[in-house]
Amino acid sequence: MGLLSLLILVPVATALVILALPQSRPTFFRLFSLVAVSIQLMILGAGWFRYNPNQTGMQLTEHYPWIEVVLRQGERVHADYLLAVDGMSAPLIALSVVVMFITVVASFKIVNKTKSYFVLLMLLDAAVIGAFSALDLLLFFLFFEFMLLPLYFLVGIWGGPRREYAAVKFFLYTFFGSILILIGIIVIHISFRSPGVADLIHTFNILELQDQSNIIVGSFLDSARAYSWGPLTARMWVFILLFIGFAIKLPSVPFHTWLPDAHVEAPTPVSVVLAALVLKVGAYGIIRFTLPIFPGEAAASSTVLGLFAVISIIYGALNAMASKDFKRLIAYSSVSHMGFVLLGVASFNETGLSGAVFQLVSHGILTTLLFLLAGVLYDRTSDRTISNYSGLSIKMPKYGSIVLVTSMASLGLPAFSGFIAEWLVLTGAFDQTHLPDYVPQWMGFAATFGLLLGAAYFIWTYQRMFLGAFGTTLTTAKDELTDLYSREMVMLVPLVVMTLLLGIFPQTLLQYINTFASAWFNQVSPYLN
Amino acid sequence: MQWSDKVQWVLDSLSFLHPELVLSTGVLLLLFSSFIRRPSYVIFRWISSLTLIIALALVIAEWPQRPLALMVDMLRWDEFASSIKVIILIGGLLSVWMGRSSSRPVYTAEYFMLILSVCLGGSLLAMSMNFLMMILSLELMSISSYVLASFRLDRHAAESSLKYFLFGAALTGVAIFGMSLLFGITGTLVFSSQSFTEGLFNHPGPLTVTAGIMVLAALLFKMAIVPFHWWAPDIYEASPTPIVALFSVVPKVAGMAAIVRLSLALHLFGQSYASWQWILSSLAIVTIIIGNLAGLGQQHVRRLMAYSSVSQAGFLLAGIATFTPQGIQQCIFYAVTLLVANYLVFGMLDHYEERYGMQLIRDFSGQGQQNVLAGILLTFGLISLVGLPPAGGFMAKFLVFATIFNEYQAGGEGILLILLLVGLLGTVLSLFFYMKIPYALYFQAARHEGAGKHRPMTYGILGIILASLLLLLFAYPSLLTLWLNRLNFAF
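Chains as they are written, first to last, in the working numbering: chain A, 520 to 1048; chain B, 69 to 559.
The reader is advised that the hints may include incorrect statements.
Unchecked claim - Chain A side only, calculated, beta carbon under 8 Å to chain B, not exhaustive:
{"id": "1", "residue": "I586"}
{"id": "2", "residue": "E587"}
{"id": "3", "residue": "E664"}
{"id": "4", "residue": "G675"}
{"id": "5", "residue": "E683"}
{"id": "6", "residue": "F695"}
{"id": "7", "residue": "I709"}
{"id": "8", "residue": "F739"}
I should point out that these hints are in silico values taken from the structure, not numbers from a laboratory.
A virtual CB, placed ideally from N, CA and C, is assigned to each residue, including glycine.
Please model the entire structure based on the sequences and the hints provided.
Encoded structure:
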């Protein structure tokens, strides 16, 4: 069994073990989950040595036949259990493993119904890693769908006061998105065939789907046939379906309204997983196969994609600025930051794409930090209203300084990972060397303005909450505002170190991403007009 | 043909009908066993389950190598019928074993006898190739169901069962009228025959279509396809849960089999006067929409499941509407997952009802924490009915959708695309109402504090077996699909 299967199997096995344990031993559930994520960290270490960052293409491949359905004589449906990683998925899997470790540590705070909580968390862990490593479209979709149910229960049972509303909203939004993706997958699947075999085998293999020459002649996706439904071609429709499906998960304005509710109502560790990992799956789906399967359509609509991105950046930032709740502010800042990912993708060049992938990792780290920090405050006072606090850094100096560092990193200060990512994205957006220009110049400027807004709300919030004379309008909370405990430091400090490390030595990550980005671009560029 | 030849044909046919003979023997045994001195439901249960197991073993052991016409062109003995019979007999067996408690008054010999005769009628219906045989087996199944539906023995049950009976009897009359018209047009009652096809082909016109719809109506009624679904919610609410589970699978699947045979004959390989693909697709579309929308407002779990079964029947019909062998294969796959998921859900509902008297969705509030295993199993069954991974229902829906799209691409009617979209949107809608039960189980505060800790052994074991089957159907659909691929679907 390969490393990737092990990564997926360990949390599943742990979930089963926890399920078999008696209800009355909450310590065991924590311990077993911690052991599971530690084993995952070790597997990650082993994978790091086995993986060659300079080699193009997929590595650590595991390939077994899975489903085989004969449609008629000589025509078959085929799906595989196919796992592999490349320069995009490897960093994302590494991020998942690290974030999951921290999530489990943060989950020690959960006191009621611990058994079901850790079972669901472990299943979610497996689904996220599965989604990032699956290279079979059906397998990917299964993992993608399977993230839904654990999250629905995690938000709905352990969440805040409006948890039921938030959970149902999240579930319906994302399930609707999955249905759109499912339609797309069916059309894609029927229109592609495996190369090099006499039989007509409908394939789900993403690597084969990325090759336009595998489209069955005369099928819906055959661009020569130019099949159209209404004003658009069939190819364009399917591209739109897939894009909206993933844009809901990403989320891009106007499909984002589930996010603030779900992120705010979820318990801290679940908010972390949602923001740091689940959103990334949306972006991953766009980069991994929506664009490579429909390069021409994506390039033709790149201005629209850029528009979605810019609106997300600015609208997210404005909403963040207006938020009264610290956690809601972070949730909206995620919308803004994920807009940069979409902008990097829409600009269709290597720099922009590298920036987008870098932003995925960087935002994963930063948002984990931010949600944990919001959780620190909530754990102490059960209140996150920004205006209820002032001068917190006097009473909580360590907390104040980590919030300061994280805010600076999030607003894109040089020497932090966010700067590298946003700089690459903006360079890509302004890049005029590749013609035609996929996103117009003003979008680059608008995104830069979004950065400015980001700086404004982070600094303003810091000023309101942490500077000035210490005070809180909460009568009971004064004594509860203690500084960080060592358990919290253990979670926070490594993340701060990671964002600094990626900011100062971006090459550690970029060597993976660059290999991926150039391969991706080589594959896509022949089809760009 | 000489009389002696016909007699010889009938006598030869008997050796291919062992499962049906065993079922008939079981029916007779149960009838006489109510005369024994101290009747006990244990004896009846064992007689009926042994009968079903032997019949099932015989179906599998005597698997058809090649299709045969039996009983002077009354029945057709082929792999399609046998696979349908397997589903029917397993359904019957599970119904017999549901509801173990002796506290209910309903477990008389007649109860088990009627379950067996529903299975017998279903098996014969799946094999029918003659209108006479079709109506006989349909009535055997229906009349037994009318009686079974009233086994809760209260006013409500009597009312709904009477409604069911009147509706069903009227539609049987309509079907017989349609058959007489088709007999007049084609000169034969054997609808799988060459002369029937030729007769239809030589007399195109609205009359053939009307007559065909009349006959189909009685079968669609059994499947609870809109607009013949009105009986379902009342019957589901008023009947005992094992019987509801039986109704949600056995008559549906048997009706499906008969529809497959009849509509393929009427379809004339696409040469028919009106497009049967269009007719069946539009029925499926309406069924999926109505079933899912009407399910949204339900408060009673079994009424909710009634609308669920309506919309699931729509998906079965959608598979038939492709008129391709693989569409029919996917239908059987769908029927298998439906069988497993429905029995899982009804088994758990029965457990909750029998032990705590829960019938309304709000009664389930907070029970997920009280009884962890039953809650998880119930949720898993519902997940499969929605069509979410990791349950077999996902694969079943996926395969049906892929077949529909493939047929559309290969030049099918444009309505297939609408059918596909409606099916997918219906799946989203169904999420709303299926998730009401897990929502109550896990998200709402408990109302029944007294429910307490109880470990239901039979339900637990049965539920775990069914849930593992659903997982298996999800993880290795090839186990079933490869077997279905080998089936001979020459009708």
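- So which of the earlier hints does this model not fit? none
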